[in-house]
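Undergrad: Chain order of the listed sequences is R and G.
Following full-length UniProt numbering, the numbering of the first sequence begins with 1 at its first residue and continues without gaps.
Following full-length UniProt numbering, the numbering of the second sequence begins with 1 at its first residue and continues without gaps.
Among the hints, erroneous ones may be present.
[Said to hold, decoys possible] Dumping the calculated EDC-like pairs for lysine to aspartate or glutamate here, alpha-carbon to alpha-carbon at most 20 Å:
| hint | chain 1 | residue 1 | chain 2 | residue 2 |
| --- | --- | --- | --- | --- |
| 1 | R | K106 | G | E37 |
| 2 | G | K23 | G | E35 |
| 3 | G | K39 | R | E98 |
| 4 | R | K83 | G | E37 |
| 5 | G | K23 | R | D105 |
| 6 | R | K106 | G | E35 |
| 7 | R | K186 | R | D291 |
| 8 | G | K23 | R | E98 |
[As the list claims (entries may be wrong)] Have a look at the derived ranges for each label pair, beta carbon to beta carbon:
| hint | chain 1 | residue 1 | chain 2 | residue 2 | range |
| --- | --- | --- | --- | --- | --- |
| 9 | G | R49 | R | L217 | 57 to 65 Å |
| 10 | R | L217 | G | G43 | 48 to 56 Å |
| 11 | G | G43 | R | L16 | 54 to 62 Å |
| 12 | G | G43 | R | R226 | 41 to 49 Å |
Quick caveat, the hints were computed from the structure, so don't treat them as lab data.
Here a beta-carbon is modelled for each residue, glycine too, at the ideal position from N, C-alpha and C.
Chain by chain, the residues:
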Amino acid sequence: MAGETQTVSEYIVHHLTNLTYGKLPAGYERYDGSIVADGGAWVMAHGGDEAAAMGFNAVHVDSMVWSLGLGIFFCWFFHRMAKRASTGVPTGALNAVEMIVGFIDKTVRDTFHGRNPMIAPLALTIFVWVFLMNLMDLVPVDLVPHTLALLGVEYQKIVPSTDPNITFGLSIGVLLLILYYSIKVKGFGFARELAMNPFNHWLLIPVNLFMEVVGLLAKPFSLALRLFGNMYAGEMIFILIAALFSAGVMWMVPAGLLQIGWAIFHILVITLQAFIFMVLTIVYLSMAHEDH
Amino acid sequence: MNINLTLIGQAIAFFGFVWFCMKFVWPPMVAAMAEREHKIAEGLAAADRANRDLEIAQEKALERLKEAKQEAAGIVEAANRRATQLIEEAKDTARLEADRVKAAAQAEIDQEANRAREQLRSQVAVLSLAGAEKILGASIDRQAHAQLVDQLAAEL
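Here chain R stands alone, though its shape is the one from the complex (with noise of 0.2 Å):
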């Protein structure tokens, strides 16, 4: 809930604000008007304004702890479970991971035409890793940010989905891939796919590579700003109704009913959007390992 001092947008942009901890550059007055010495500081920043003014030079501690936790938190409930897979009879947990293994391991072989190891284990890894992302989503806006709060933790974003930096150094990756796989499956022939597509003659060469690199950038950019559009929008919802509640208590019931229902409808999406991301994924690093 807004406390007594902050405003509905200070509460709102509260809760945007990624804990970040950068390099801020030399002369810069930071919030309590001391100015930076030469050669820059590496500090927590103090709001928005400092988090801007580091630019590249600093990580979302928040976003990043969420993300490589849940990252562990996968890899480590998944291997157990893959220890204690046998051809016994699967019971409790290990049914489900092998629902999901075999789900995934069916989409992959209806999209994916190749032959090649890696794409099942890394749509595993991204449907469960960005599904258990998105699934912080469903925990209450103010329960985590606001434990830390009291604990000396001035901004926490728990939802890792819910910043570009990570939707986009997914996305990263998987163009990366697509990269390494078409120019390893096609070689050169991925350069003439890349030139001479979709007009066959050497004097288009420049519009055709032109629209084939607007083309290939626009995979990843639809993947991440797909996933993180769609979790932002989710998130603010979540902010919006539970800034509601401090509209007084006329407005408890209300708010109590558009969080249920968004909550439920809210399951519904990470999981779709964990889905698109994974499918979306294999079909790019199909089209990757086809030769024309």
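Given chain R's structure and the hints, the job is docking chain G onto it.
TA: Chain G in isolation, oriented as in the chain R frame:
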């Protein structure tokens, strides 16, 4: 909403997790699942086979039962035949034995009767002589009338 080093950190983490998953999660998982699938398929096939075997065994058992029944019927019939035969034989033997016993008894009876008759005869001679003596009041010369007495005795 700033693009910063988080981007690169995330991309590196992405490759790390994918590598880990490819190395330590996916292969054992899929291998275990495939092996189980194989095992289940084998189990089902074995069950099918067992079912077929059972059917065949049942058919065989039925056949054997029928054979056994036929055999048993044959044995019973033979036994019956043999029994009647035995009874007939026993009857014959019994009849023969009875005849023999009867004949022996008859012979004995005849013998006894003859002996009694002889005895009677010899006593009749004495009695008749005594009677005649009494009647005649005189003794009869046994020698003289021996012939007569013998004749009389023989007539008895």
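Undergrad: Just to be sure I understand the hint, the distance between the Cβ atoms of G:R49 and R:L217 should be within 57 to 65 Å; is that true here?
TA: holds, 59 Å
Undergrad: For a C-alpha distance cap of 20 Å, please report whether R:K106 and G:E35 respect it.
TA: Holds. R:K106 to G:E35 sits at ~17 Å (cutoff 20 Å).
Undergrad: Taking 20 Å as the top limit, are the C-alpha atoms of G:K23 and R:E98 close enough?
TA: It holds: about 17 Å lies between the C-alpha atoms, which stays within 20 Å.
Undergrad: In this structure, is the beta-carbon distance linking G:G43 and R:L16 contained in 54 to 62 Å?
TA: About 56 Å separates the Cβ atoms of G:G43 and R:L16, which means 54 to 62 Å holds.
Undergrad: Is the hinted pair G:K23 and R:D105 satisfied, with a Cα-Cα distance of at most 20 Å?
TA: The given pair, whose Cα atoms are some 16 Å apart, holds under the 20 Å limit.
Undergrad: Can you confirm whether the C-alpha distance between G:K39 and R:E98 stays at or below 20 Å?
TA: Satisfied, since the Cα-Cα distance of roughly 16 Å is no more than 20 Å.
Undergrad: Verify the proposed pairing of R:K83 with G:E37, using a straight-line Cα cut of 20 Å.
TA: holds, 17 Å
Undergrad: Range first: 48 to 56 Å. Now tell me if the beta carbons of R:L217 and G:G43 are that far apart.
TA: holds, 52 Å
Undergrad: Is the hinted pair G:K23 and G:E35 satisfied, with a Cα-Cα distance of at most 20 Å?
TA: Satisfied, since the Cα-Cα distance of roughly 19 Å is no more than 20 Å.
Undergrad: Straight-line Cα separation of R:K106 and G:E37 no greater than 20 Å?
TA: holds, 15 Å
Undergrad: Cβ-Cβ distance between G:G43 and R:R226: within 41 to 49 Å?
TA: Distance hint for G:G43, R:R226 holds at roughly 45 Å.
Undergrad: Could you grab the alpha-carbon distance between R:K186 and R:D291 and see if it respects the 20 Å cut-off?
TA: Holds. R:K186 to R:D291 sits at ~6 Å (cutoff 20 Å).
When the structure is compared with the earlier hints, no violation turns up for any of them.
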